[in-house]
Structure formats: C-alpha cells, structure tokens
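From first to last, the protein sequence lines are chains B and Y.
Here the first sequence stands for residues 215 to 381, where the numbers follow our numbering.
Here the second sequence stands for residues 230 to 732, where the numbers follow our numbering.
Because the hints were derived from the structure by calculation, they are not lab data.
Wrong hints could be hidden among the right ones.
As a list, the in silico EDC-like pairs of lysine to aspartate or glutamate whose alpha-carbon atoms are at most 20 Å apart [as the list claims (entries may be wrong)]:
(1) Y:LYS573 - Y:ASP285
(2) B:LYS325 - Y:GLU428
(3) Y:LYS616 - Y:GLU453
(4) Y:LYS679 - B:ASP245
(5) Y:LYS514 - Y:GLU453
(6) Y:LYS366 - Y:GLU522
(7) Y:LYS478 - Y:ASP434
(8) B:LYS279 - Y:ASP661
(9) Y:LYS573 - Y:ASP661
(10) Y:LYS679 - B:GLU249
(11) Y:LYS679 - Y:ASP434
(12) Y:LYS332 - Y:GLU522
(13) Y:LYS679 - B:GLU250
(14) Y:LYS332 - Y:ASP476
(15) Y:LYS679 - Y:ASP414
Keep in mind it's a predicted model, so treat the numbers as computed, not measured.
Read off the chains here:
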Amino acid sequence: MQRLLRTGDFWAGLVLAALGAYIVGQARGWDYLTEEGPGAGFFPLWYGIAMIVLSLALVAGSALKARTGDRARGQAPGPVPDAADRVPSNVGLYRALACWLALVVSIAIMKVVGFIISFALLSWFIVAILCRQRAKVAFFVSIGGAVLFWALFSWALDMNLPAGVLF
Amino acid sequence: MDIFSGLMHGFAVALTPANLAMCLAGCFLGTIVGVLPGLGPPATIAMLLPLTFRMDPTGAIIMLAGIYYGAKYGGSTTSILLNIPGESASAATCFDGYQMARKGRAGPALGMAAISSFIAGTIGVVILMLVAPPLAKVSLAFSSPEYFGLMCMGLAMVVLLSGHSLVKGLLSMLLGLWIAGMGTDLFSATSRFTFGRAELLGGIDFVVVAIGVFAIGEVMANLEPTEPADMLPVPKGLKNLLPTWEDMKRCRFAFFQGSILGFLVGVLPGAGSTIASFLTYGVEKAVSKHPEEFGHGAIEGVAAPEGANNAETAGALVPLLTLGIPGSGTTAILLAALVLWGFKPGPLFIEESPALFWGLVASMYIGNAMLLLLNLPLVGVFAQLLKMPHYAMYPLILGVSIVGVYSNSSSVFDLGLLALFGLAGYAMRKLDFPTAPMILGLVLGDNMEKALRQSLMMSQGHLGILVSRPISAALLVVAALLLVVPLFRRLNATRLQMIDQDG
C-alpha cells in the first residue's frame, strides 16, 4: 500500500478521475441534444466519461504494479521501476518548484513593481540561489537582463510590458 | 496555378529583402536552438509566436519554419562533439558522429551532417511541392464526417507513438480537448468551464498553454542537476570540414533513402523526425557492405539520419497545409500560428493563399542553402554556444515567455495561467505523460467538436453518418485499429521500440 501511495500514476489517475467527474457533472447541466442537433453538453459528456474510465484504468494499473512489486520484493530484488513509478530526485524537484514559485511571486508583484523590477528579482533568484553563482554574476545577469529586455521590447519594438503602480 | 508558376510566384515572394531577412533569422535561430540541448523548436516557436502577430504573416511563417528545419541542422553539432543530441531527432547521429570525432574526423562528420541535411531537405521540399497541390484537390471532397474521421485518425496516431502508456497518451489528449472546450460554445452561446471568470469566456489562448507547457516546463525540467560533458574540438578551416570524395560515394544511397523515408515518415502523424532518423539508420546499416563499421564511426551512419530528419520536416508540412491536421507538437503550433493570423490551412489553403504557400516552399529551398552556408564555415562559432552558462538561459526563456504572453493579451490573468500550465507541463514530464497529444487535442478540439456536431446535424442526430460514408468509415476504422495495436504483443513491442528510440 505504501508503495502504491508513492507512485505518481496513482495520484495522477485520481486527480484526472476527479476532473473527469467534474466535466461530466458540468456537461449534464447543459443541453445534450436539441432540435438543431447536439447541444453544448454532448461532446464534453463523452470525453468526460472517457477521462473517468481511463483515469481509473491508470489507478488500477498502478495498484496492480505496486502489488506485483511488493510480491517480487518479498522473493527477490525488486524490479527497476518505471520513470513514473519513481519519486523524482528531491534536489531537482525542489529546485524546479522553487523556480516555479519564484515565477508565481514575480507575476504577483508585477502589478505593483512592474515587469523590469520583478524580472530582475526573478533572474537574481534563479542565478544566485538556484544556480549558486557568485553575487557579482547574479547581479550582472539580473540587471543586465532587465535592461536588455526593456531596451529590446519596450524601447526598440515598442511592445507593451506589464506595468506596475510604482513603475 | 500550376506548380512551375506557383514556384516562380513563391520565389518572387521569398526573395524580397524582408522575407530573405526573416528566412535568415529563422535559420540562424533554428541552428542555435538545435545546438543548445534542452531548448527545442516547439518551445522557441511558441515563445516567439506572439511576437510575430505584428509582422507580415508570410515573413513570420517563413521565420518560424526556418526555426523548425534549422534546428535539425544544429542538433547534429552537439551529437557529434558532445555525444548528447541537441535535438531528439539527432540522437541517431551520436552513434557514429561522436565515434568519428573521437577518431579525429569531427570535421568530415560535421560537414557530412550539413551536406546530407541540405540534400535531403531540398529533396523533401521538391516532394512537398509535387505532392501537396494534388492532395489538396483530393481532400476537397471531404465534408464534416470525413474531417472528424481524419482528426480521430491523426490523434490516434499521435497517441500511439507518443509514449509507453497508451492510457496516458489518451488522457493527455482528453486534457487538450477539455482546455479547447473552455469558453463560450459558438453553437448555443453556453459558457463552458469558465469557473465564473469573465477572462475565460473567450477560452484559453493556445499561446498561453503552448508556452507554459513547452517553455516554462522545459526550464523547470532543466533545473535538475546534470553531469557536465567534455566537448571535442572543432577543426579549423573549411577544408578540414569537407568530407572526401570517397565519403560522398559511400553516402550516396544514404542521401536517397534518407530523403524518401524521412519524407514518408513525416507525412504520418505522430511518427516524427526521431523515428525517421532511427529508421533510416537501421535501413542504412542493413543494406551496407560494412555493417560492422556502424557504431564505430561509419560516415553513412551520420548521413542517413541527418538527411531523414530534414526531409521529415517537409513531409510534416503536407498534412498540415493541405488537410489542416498537424502531426506533432511543433506543427500544431505552426497550425495555431496560421489560424491566429487569419488563414485556414486545409484543402483550399493553396488556392486561397498562394503567396503564403508558395512563398514558404520557395523559402525552404533558400533556407536549406542558407543553412548549408551557416553550418559549414560557422560551425565552430555555433559550437561555442555549448560553453554558454545554463543559468543565463533560464531567466532569458522565462522573460521571453512572460513578454510573449503579455504582448498577446495585456492580461496579468494570462500570466497566472502561464505559470499554471508551466507547472502542468513539468508534472507531465515527471509523470511520463506525453505533451504532444495534449497540444494536438487543444489545437484540434474545437474543429473536432464542430465537425462532429455538424455531421450529426446533417444526419438529424444519427451517428451512422460517420460510418456510412466510405472515407470517414475507413479513417475511423484505421483510428480504432491504431488504438488496439498495444493489445497485440508483437505489434506493441515494435511500437515500444520506436518510442524508446524517440526517448
């Protein structure tokens, strides 16, 4: 059971089954067939049902694999798990999620500080914290990058960059 | 317009200074993208797509196509010098290209990769030019049921060849259909899956999803630590890059079969250039008089896959331009680009937009010549890009992604969606869910639903219309057969072998 709870496929299947159920629930509220032909609910209802069936198949498949794995582990050295069965390397996962969080924060503060500052902060975080470069390098990349983006997109191409209350 | 006059018209369009500049920019960018491992053409094209909305569409498609086929040229440089494919399509080149470089023949390997790419790329464009117009005429007979069948077959093929698990491929495609269905239903004005947000009434922009899944997801995946590899030196001087006459003679069959097989694989949805290059590598080894040399530095082992992956790009444009059906993530983005610029790829595309079609075809002849010139004398310069620190790339990609999405809609809400789809793209990579079926489902979702509903309107709600017409019935039967392939052990083993090569 513990092995099953550690597989990505199991959780992905559950999430997608829930999404499928949501799609079916919503589609049932719309017209299935009208006098003119199929209604707004026709297509989503069918792909929602397909999503539930396939997600449950994924869950069942991962449960079966986990059971086989548990049995094999009891008898002999366990088989090499598939990529989706492995828990991703923690360092890589944390770095990827930290980068994503930094992106979310930079988007959130863009309304206040504008694109240039939020982009410089995002660049600094990636270079200095995630990639562990020297402070000088991080400073140069973040400020240089922000100036380059402003010069290229805002000044040269006259494009609309996200503006904040402050800038 | 016959083929010759169409081509002349195309050269008149492609040879204007602005379009020549766009072609050069696309080829140059494509080579850079190909050289750099971890940054692929779909991410680059998706990121640059919003920036092209202010451009002339002909110039813009010439540039984006240049990135698409240019990346195939650049990918070989990394395969030969680092034993790491710059593009998955260049993976087969590692086998013999790297071995040649280790034996001090990096120059001829790089030169042969460029020459073979040029020959097969050009032959591919010739076949595209000859095949596309008649195919478009045939597909004029298609109505809604046939289109529905065609889209089902295309999606089934992509799902079949996109990953080990058919279930995951199908789920990925259904996710794409769901995202495509968000917004106001054009038949009944019903709001679907908008979560009460006015921003979602118009649906989710394709650009946001494509950039999120490909570009942001790629940055996140690349942040995982990797071991640095040692790069072999590039010989200096054009003379040291040219293969000998004996090398050229040994590769003559590789040029030919790489072009033909590569093109044919390209026409099939889902197969892609990686499969094309491995397939031609296998054929070349099978027919070679010296099969024992393969894997130890046989120059045909460089020529065949490099030719095939370039001919494949021309093949992939056939269903895209004549039927409006893309066969991969990259061609799906190109289709979205054409639609966003106001064009309708399909049977009438060549008739309605001759300047765009023939301009693109002519630009591919010019682009292949440009790439040969770029990749022979300048290969050393491009190889230096491999020394560029990765940490400088990540902010650059994130910045271009943010600017691209914001310039398209001026909406911070879309930037939030960008982050969300970035996380989804990363999760899909980690969990082995293929992204191509989702992107294809997203691009085709609207049209697929429209085709199905129109078909059922034609038949007063009877599903029989889909199987009573011979073409649509045949296409649906093929789609169904493709999806049962994994049930047959032997066929599934072949499928998995092809996917492993793709990986």
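Structure-based check of all given hints:
Taking the CA atoms of LYS573 (chain Y) and ASP285 (chain Y), the gap is near 16 Å; set against the 20 Å cutoff, the hint holds. Restraint check for LYS325 (chain B) and GLU428 (chain Y): the C-alpha separation of about 17 Å stays at or below 20 Å, so the hint holds. The hinted pair formed by LYS616 (chain Y) and GLU453 (chain Y) meets the criterion: a straight-line CA distance of about 18 Å does not exceed 20 Å. A hinted pair counts as satisfied when its Cα atoms are at most 20 Å apart, and LYS679 (chain Y) with ASP245 (chain B) qualifies at roughly 16 Å.
For the given pair, LYS514 (chain Y) sits about 36 Å from GLU453 (chain Y) by alpha-carbon distance, which is inconsistent with the 20 Å threshold. Taking the CA atoms of LYS366 (chain Y) and GLU522 (chain Y), the gap is near 46 Å; set against the 20 Å cutoff, the hint is violated. Proposed proximity of LYS478 (chain Y) and ASP434 (chain Y) is contradicted: the alpha carbons are some 51 Å apart, above 20 Å. Distance check on the hinted pair: LYS279 (chain B) and ASP661 (chain Y) sit about 16 Å apart at the alpha-carbon level, within 20 Å; holds.
Restraint check for LYS573 (chain Y) and ASP661 (chain Y): not satisfied, since their Cα atoms lie roughly 33 Å apart, outside the 20 Å limit. With a C-alpha separation of about 16 Å, the suggested pairing of LYS679 (chain Y) with GLU249 (chain B) holds against the 20 Å cut-off. A C-alpha spacing of about 18 Å is found between LYS679 (chain Y) and ASP434 (chain Y), which places the hinted pair at or below 20 Å, so the restraint holds. Annotation: proposed proximity of LYS332 (chain Y) to GLU522 (chain Y) holds, straight-line Cα distance about 13 Å (limit 20 Å).
For the proposed pair LYS679 (chain Y) and GLU250 (chain B), the alpha carbon gap of about 13 Å is at most 20 Å, so the pair holds. With a CA separation close to 15 Å, the supplied pair LYS332 (chain Y) and ASP476 (chain Y) stays within the 20 Å bound. A hinted pair counts as satisfied when its Cα atoms are at most 20 Å apart, and LYS679 (chain Y) with ASP414 (chain Y) qualifies at roughly 10 Å.
The structure fails hints 5, 6, 7 and 9 (numbered hints given earlier, in ascending order).
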